[in-house]
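Using the hints provided, position chain B relative to the given structure of chain A.
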Amino acid sequence: MARVKYVSASRVYTKNAKPAVDALDLEIKDGEFMVLVGPSGSGKTTALRMLAGLEPLDGGSIEIGDRDVTWVPPKDRDIAMVFQNYALYPQKTVAENMGFALKMARVPRDERERRVKEAARLLDLDDELLGRKPKALSGGQRQRVAMGRAIVREPQVFLMDEPLSNLDAKLRVQTRSQIAELQRRLGITTVYVTHDQVEAMTMGHRVAVLAGGQLQQCDTPRQLYDNPVNQFVAGFIGSPAMNLQTVPLTEGGARLAGTIIPLPTAVRAAASHAGLSELVLGIRPEHLHLTDSTGELAGEVVLVEELGADALLHVRLTGGGDPIVARAEGRKPPAPGQEVRFHVQPDDVFGFHPMTGARLAG
Amino acid sequence: MTAAPTRLVRNREPGPQRFREMSAQVGWGIFTWVVGIAFFLPVLWMLLTAFKPESAAETWPPKFTFSPTLAEFRLVFAGLGPFLTHSVIATIGSTILVLLLGVPAAYALSVHPVKHWRDGLFFFISTKMLPIVAAIGPLYVIALKLHLLDSVWLLIILYTAMNLPLAIWMIRSFMLEVPKELLEAARLDGAGRIREITGVILPVVSPGLVSTALICVIFAWNELFLALNLTTVNAATMPMFLISSVPQEGLYIAHLSAAATVASVPVIAVGWIAQRSLVRGLSMGAIK
Chain A
1 MARVKYVSAS
11 RVYTKNAKPA
21 VDALDLEIKD
31 GEFMVLVGPS
41 GSGKTTALRM
51 LAGLEPLDGG
61 SIEIGDRDVT
71 WVPPKDRDIA
81 MVFQNYALYP
91 QKTVAENMGF
101 ALKMARVPRD
111 ERERRVKEAA
121 RLLDLDDELL
131 GRKPKALSGG
141 QRQRVAMGRA
151 IVREPQVFLM
161 DEPLSNLDAK
171 LRVQTRSQIA
181 ELQRRLGITT
191 VYVTHDQVEA
201 MTMGHRVAVL
211 AGGQLQQCDT
221 PRQLYDNPVN
231 QFVAGFIGSP
241 AMNLQTVPLT
251 EGGARLAGTI
261 IPLPTAVRAA
271 ASHAGLSELV
281 LGIRPEHLHL
291 TDSTGELAGE
301 VVLVEELGAD
311 ALLHVRLTGG
321 GDPIVARAEG
331 RKPPAPGQEV
341 RFHVQPDDVF
351 GFHPMTGARL
361 AG
Chain B
1001 MTAAPTRLVR
1011 NREPGPQRFR
1021 EMSAQVGWGI
1031 FTWVVGIAFF
1041 LPVLWMLLTA
1051 FKPESAAETW
1061 PPKFTFSPTL
1071 AEFRLVFAGL
1081 GPFLTHSVIA
1091 TIGSTILVLL
1101 LGVPAAYALS
1111 VHPVKHWRDG
1121 LFFFISTKML
1131 PIVAAIGPLY
1141 VIALKLHLLD
1151 SVWLLIILYT
1161 AMNLPLAIWM
1171 IRSFMLEVPK
1181 ELLEAARLDG
1191 AGRIREITGV
1201 ILPVVSPGLV
1211 STALICVIFA
1221 WNELFLALNL
1231 TTVNAATMPM
1241 FLISSVPQEG
1251 LYIAHLSAAA
1261 TVASVPVIAV
1271 GWIAQRSLVR
1281 GLSMGAIK
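Those protein sequence lines, which keep their order, are chains A and B. Just so you know, we're using the numbering used here here: the first sequence kicks off at 1 and counts up by one. Just so you know, we're using the numbering used here here: the second sequence kicks off at 1001 and counts up by one.
Bear in mind the hints are in silico, worked out from the structure with no lab data behind them. Quick caveat, the model's predicted, so the values are computed rather than measured. No residue lacks a Cβ here, since even glycine has one placed at the ideal position from N, Cα and C. Accuracy of the hints is not assured; some may be wrong.
[What the hints assert, rightly or not] Short derived list, chain A residues pointing at chain B, Cβ under 7 Å:
1) Leu54
2) Met104
3) Ala105
[As the list claims (entries may be wrong)] With a cut-off of at most 25 Å between alpha-carbon atoms, the simulated DMTMM-like pairs for lysine to aspartate or glutamate come out as follows:
4) Lys135(A) to Glu1181(B)
5) Lys103(A) to Glu1184(B)
6) Lys75(A) to Glu1184(B)
7) Lys75(A) to Asp30(A)
8) Lys103(A) to Glu1196(B)
9) Lys75(A) to Glu111(A)
10) Lys103(A) to Asp76(A)
11) Lys135(A) to Glu1196(B)
12) Lys133(A) to Glu162(A)
13) Lys92(A) to Glu1177(B)
14) Lys5(A) to Glu27(A)
15) Lys133(A) to Glu1196(B)
16) Lys1180(B) to Asp168(A)
17) Lys135(A) to Glu1177(B)
18) Lys1180(B) to Asp78(A)
19) Lys1180(B) to Asp76(A)
20) Lys75(A) to Glu1177(B)
21) Lys1115(B) to Asp58(A)
22) Lys5(A) to Asp68(A)
23) Lys1180(B) to Glu55(A)
24) Lys133(A) to Glu1184(B)
25) Lys92(A) to Glu1184(B)
26) Lys133(A) to Glu154(A)
27) Lys29(A) to Asp226(A)
28) Lys135(A) to Glu1184(B)
29) Lys1180(B) to Glu96(A)
30) Lys75(A) to Glu1196(B)
31) Lys75(A) to Glu1181(B)
32) Lys15(A) to Asp1119(B)
33) Lys5(A) to Asp196(A)
34) Lys1115(B) to Glu55(A)
35) Lys15(A) to Asp58(A)
36) Lys103(A) to Glu1181(B)
37) Lys1180(B) to Glu162(A)
38) Lys5(A) to Glu1184(B)
Only chain A is shown next, with the shape it has when bound in the complex (with noise of 0.2 Å):
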């Protein structure tokens, strides 16, 4: 078990382009479970690969441990990789795909097959998949049995490439689980790469956002939820994602749709210290709160999308704009056609610089 750490760490596919990976400084601490989240070309494949020692550094090193590995070979690395595709040997067994690392580090027969056992416990494979070939498993399988090859490895750190994006949704969510449990018992630093932030959010001791090729932030999945350092974290955490508008800046808060909305002291005291005159606008779904004729924002609602526990409001603005969405009680959500009217606490305001798209916050 060791720690991970990236410093200024580059990689650059075509000279005179974008980095890939543009100076990544992220350290991963002993045991942790990390996550490296974003939209597809964010870098954060890349990242991973870099770790590996798929992919050469242009600038930077990586650290595994309080050893340098920028230049070691990937097997040299002590670290174990499931790949998105799982990539099993197909022609050898379960059991000889998941001994082969050890085959190749010239562990002995015996020592080997009760590693590869055990792994087979934890995974709850059968002694009768063991004799299989990957062909003659279902996707699941396969999965545990790509899991299991990194497993008997006992490698100082997993990475895991979008290991459940080939699973359906419901075999998903439950070797979601059952991967963040065995990472907890296990112990091993992880990790892990996905483009679906609920991934993230519930695997994850610590979540880090990459867009563009750069760390936007890493932080608790609670903390990026409360506390987004920028639009792009705001708008990519979150599901539905958070309302986002560019509004004109007023006395006492900003214009949304012909209303004002309340803001925050410190966003306010940041907007006029910026000399702004208008800022972009973040509300979260579950911050509109649907009430009687009170409420400050009224709208038509133009599309429901029901969700069972809950349901998703579209809705035009009386005053314009573009529709927001606004999570509802599932039981009697508003029909299309009906006027409705919204409260918002000014806490849960967020405001972000129109030009830069940084946090505006004390």
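This is chain B only, laid out in the frame that chain A set:
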């Protein structure tokens, strides 16, 4: 769910649409049969003629009723021995060599491409551009100086050189199909270059290797030009045997047919046996 009732309705009253579909299908069916038979007819004729006595072989119109005889086959087998041996040695020897040289070459041009791999690839195929007739003179002189004229070794070397470019191109394309993640997993698992080839790549491309080998076997088995010009007795191959079964005078069609049948059988047999692998190999890109 929706398809079943539609078909039911169609079955009850075949409309003009259905009729057109059916007649098109029948038309294509007939066309395919005609083409197939046109291709197969000469082979069938060869086979039939091989069982005819020489006197019945060259009649016009051809006779389809005759008393079959194995006389010509007996004659063919009597003189076949050395030719068959030379062909088998040259074919198998060169094919093994091609695979031994082609696999590393293809690896160096695909999985871990060397510098200037494009040039290398082009070089290999460019050796096939020169007509072999243009090279026969120098080849003859070289073979003469090396005392390799009329030797099976010469054929093994030449057939290897002849098939290697194609084999490299084929094996390379199969290797390109090996998923990148598989090679990366092998690297992470600590497999070196040799292990990567033997343990990961070869098992995946093995159907491709079989089809490559088969094509090399066919080409080497059927090669006539080099054998004709560079061998006489000690290394004469099956195609040479066919030529030698044409006498200066007299009837020979039945004899030639019997010899041709015998010469075709091994290739067809190998093709038949390797059929599944061949199809799998040649369509490797299609399967995941």
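Unsatisfied constraints (hint numbers, rising): none
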